[in-house]
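If you read the sequences in order, they're chains X and D. When we follow our numbering, the leftmost residue of the first sequence carries the number 53, and every step to the right adds one. When we follow our numbering, the leftmost residue of the second sequence carries the number 42, and every step to the right adds one.
It is possible that part of the hints are untrue.
To be verified - Covered stretches of chain D, going by a simulated chain X footprint (3 or more residues, C-beta under 8 angstroms):
{"#": "1", "stretch": "198-206"}
{"#": "2", "stretch": "321-327"}
{"#": "3", "stretch": "330-342"}
{"#": "4", "stretch": "347-357"}
In short, the hints are calculated from the structure, not lab data. Beta carbons: idealized from backbone N, C-alpha and C, even for Gly.
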Amino acid sequence: MDHAEIVTRPEPARRRLMQVLLGGGLLASAVAFLYPVLRYLVPPAATDLGGDSVVAAKVGDLKANSGKIFRFGSRPGLLVRTADGEYRAMSAVCTHLNCTVQYRSDVREVWCACHNGFYDLNGRNVAGPPPRPLDAYDVHINGDDVVVSRRRGA
Amino acid sequence: MASPPEAAPRTSAHSNRLVAWLDERFGWEDLLAPLRHKTVPVHKLSYWYFLGGITLFLFVIQVLTGILLLLYYRASANEAFESVQYIMTQVQFGWLVRSIHSWSANLMIFTAFAHMFSVLFLRAYTKPRELTWLTGMVLLFLALGFGFSGYLLPWNTLAFFATKVGTEITGQVPLIGKPLLIFLRGGEEVTGATLTRFFGFHVALLPGITTLLIAVHILLIQRLGMSVPPSQEAAWKALPPDKREMPFFPNFFAHELMAWYIALGVLGALAALAPWELGSKADPFVPAPAGIKPEWYFMFMFQTLKLIPAKLGPIDGELVGILGFGLVGLVWVLLPFLGGDRYGRRQVFIRGLGVFALAYMLSMTVYGYLAK
Numbered sequence: 053m054d055h056a057e058i059v060t061r062p063e064p065a066r067r068r069l070m071q072v073l074l075g076g077g078l079l080a081s082a083v084a085f086l087y088p089v090l091r092y093l094v095p096p097a098a099t100d101l102g103g104d105s106v107v108a109a110k111v112g113d114l115k116a117n118s119g120k121i122f123r124f125g126s127r128p129g130l131l132v133r134t135a136d137g138e139y140r141a142m143s144a145v146c147t148h149l150n151c152t153v154q155y156r157s158d159v160r161e162v163w164c165a166c167h168n169g170f171y172d173l174n175g176r177n178v179a180g181p182p183p184r185p186l187d188a189y190d191v192h193i194n195g196d197d198v199v200v201s202r203r204r205g206a
Numbered sequence: 042m043a044s045p046p047e048a049a050p051r052t053s054a055h056s057n058r059l060v061a062w063l064d065e066r067f068g069w070e071d072l073l074a075p076l077r078h079k080t081v082p083v084h085k086l087s088y089w090y091f092l093g094g095i096t097l098f099l100f101v102i103q104v105l106t107g108i109l110l111l112l113y114y115r116a117s118a119n120e121a122f123e124s125v126q127y128i129m130t131q132v133q134f135g136w137l138v139r140s141i142h143s144w145s146a147n148l149m150i151f152t153a154f155a156h157m158f159s160v161l162f163l164r165a166y167t168k169p170r171e172l173t174w175l176t177g178m179v180l181l182f183l184a185l186g187f188g189f190s191g192y193l194l195p196w197n198t199l200a201f202f203a204t205k206v207g208t209e210i211t212g213q214v215p216l217i218g219k220p221l222l223i224f225l226r227g228g229e230e231v232t233g234a235t236l237t238r239f240f241g242f243h244v245a246l247l248p249g250i251t252t253l254l255i256a257v258h259i260l261l262i263q264r265l266g267m268s269v270p271p272s273q274e275a276a277w278k279a280l281p282p283d284k285r286e287m288p289f290f291p292n293f294f295a296h297e298l299m300a301w302y303i304a305l306g307v308l309g310a311l312a313a314l315a316p317w318e319l320g321s322k323a324d325p326f327v328p329a330p331a332g333i334k335p336e337w338y339f340m341f342m343f344q345t346l347k348l349i350p351a352k353l354g355p356i357d358g359e360l361v362g363i364l365g366f367g368l369v370g371l372v373w374v375l376l377p378f379l380g381g382d383r384y385g386r387r388q389v390f391i392r393g394l395g396v397f398a399l400a401y402m403l404s405m406t407v408y409g410y411l412a413k
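Same shape as in the complex, but just chain D:
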């Protein structure tokens, strides 16, 4: 981001006859006006503004590769594994499309988490951006739902047991747990009925809700403008001439495009050099294989549940863990409402909480991979 041009070289729109044609009919230029007025603050932390956009880009990749996979995938317990095998071995570039879909899913969850923590630490979530945070948190949970439901679709052993464990955990929630488990599994057990349900969630329900929420999230960002970190805000207040901004379109957008291109490069390299494995077909009548582990983004929860003893007093240790994570998740969603003023004392506490959460997640994840 070395010395970006300060003013957008506005293309003379009417040189383009198509634009003129559109403009004459429904005021194309008016439609673009808000985009032209939008600016992005330029400071040493500006890089963090890219993360949301990269997450969005990866979501688009997911939609496109997902549509391609749908051309060959079959959602039934007898055919799912074979159809993915067919995609991986027979369909031209099928291995690449599936690998990109899997890698992009993982990168998307990573960038979404990074985006969330950056927004937290730069205090961008405080008033007036409570709803942006709220929609963002729901989107993060939806991304995890995408990960969980998509993981089952190849119907391999790892996915089968991951789904058993994951749905069993929801089953332990008091009162609504059992009906929820039946609803998710499509019965008492994880069977082909679970697969068709998860398929429906993964390709119809979740994409629909997610698309809608992304629209709201972006609309809110557009409406509220970019948040400036408090330290930068103070520096600019003290020395107003230092304040720098760049137009969103095309300047910041061009930078963002570069970031997307890099993300695409990373994605292509990962997918080509480390194609996603398929494993062995799920069989309900074989034991869970030794060394079974969940996806990395569930690892910190997995490891925590593993460490909690079977009984804590009269209560199942499992239940304590599940309720604990549920409570923390709820507090996290409500942070902007609990944190009070942007410059208040509570923000120091929340930053500590964020550092602790990040450290906890990282160390538990590492521990989970090292532990037997």
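Here chain X stands alone, though its shape is the one from the complex:
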């Protein structure tokens, strides 16, 4: 029956073809406009990873029971000298919502001011909203430098 209809009334089929071609063409050009825009919105990947180790401080920079922020690539790290004079290092980016943490000498813990989260000196989350521990780093003394490095395979 379809066949008969096409034979007797060829117009609709041709019109349909034209509509498909026109619609498809418009759709294709819309995609051609939108695709570059969508790609443009995605920022290029940053190349900086800052290596796996960094000189965080000089020996003697830090008093016992104090801490400082150092640059680890594009992110902040926290170097703590405990009351016993031992060095500890960890990521300074709070695992809760990304704020930068600090060492609190009064409670001898690492504290995030944004939402009152606490970590111990191994980076373990001990109170408040943080869901995960801070990444802990290795510290060794190289001459006059306090060198912090990422843990292998961690």
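Guided by the hints, dock chain D onto chain X, whose structure is given.
Frame of chain X; chain D shown alone:
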């Protein structure tokens, strides 16, 4: 609003030659006709009709002062803080323009929230005004977007951490979170790339969408007329001669102008007596300062997130909070579709919901400011 005149003293338009000239060319009088026919019900709750207009007025102030700030502001991580400092200290009346922009932003968000709650409690959001509510809610979210994006522009410490936290929250949304975070930040971290993006959103994207939606919102209000609160409606139905209205133009408009003038006075006083602070320049390598808090209108969410424990069973507490707020926001937007009939039983429930939401927001905000 003591005994407003009941009839508009229609100015004889053709006494004004300019009006006559315009009218002859494109029918100026026809254009104004709907405005002349529009009336505003007069009753003891009429004051609530002002809030939308005041919000609109404050938006206009934002556009004007925003244009002025654009003359000196520079959107880059190295220059943004210094350029705002320059506006505040070197440019004549720069401190005033920036203070007005900041204060007006805050007042606008306040009046927008007040407008939303008044519309809810006076049941003005029900059929046939579902779309007015919908556009209004989107406008409220846009206002919050304006607040969030504008807050970063001075590139100070508070703004830096607020943006880190705010974008991190969007990053926790399942599936689309991470790409959204990258899109908002212009990378993995909050950097100068974030600043230029937020600047673009704040001065081009958001104003464009907002202007368009305001036009739709006002058109709908014009088309549907002012809603009369159910209690008043019942009283007038029982006693029709009591029903009172005033022409929108010029009577109500004159009242509205007075409200705007008062708003302007409040704004000027706040900006002059309590100029907005600039703080210290953002540095990604200093810890978040103690006592850091978000803007007051985000405080109730901030405080809630702070109170949720890290883990609720196997799920991050944070995620529960974010999804919870998202769900409540969605329900709020869809209220006119969920509430059913204007006089139905569900309205009682919705009013309770509104009272609860208001009480929750107020108490959490106060708690947030008092808590350590």
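Per the coverage rule (Cβ-Cβ under 8 angstroms, at least three residues), is the stretch 321-327 of chain D covered by chain X?
With 3 residues in contact (Cβ-Cβ under 8 angstroms with chain X), the coverage given for the stretch 321-327 of chain D holds.
Within the assertion that chain X covers the stretch 347-357 of chain D, do at least three residues meet a Cβ-to-Cβ distance smaller than 8 angstroms?
holds (count 6)
Verdict on chain X covering the stretch 198-206 of chain D, criterion of 3 CB contacts below 8 angstroms
With 3 residues close enough to chain X, the hint holds.
Do three or more residues of the stretch 330-342 of chain D come closer than 8 angstroms to chain X, measuring C-beta to C-beta?
Holds, because 4 residues of the stretch 330-342 of chain D bring their Cβ atoms closer than 8 angstroms to Cβ atoms of chain X.
When held up to the earlier numbered hints, the structure conflicts with none and fits them all.
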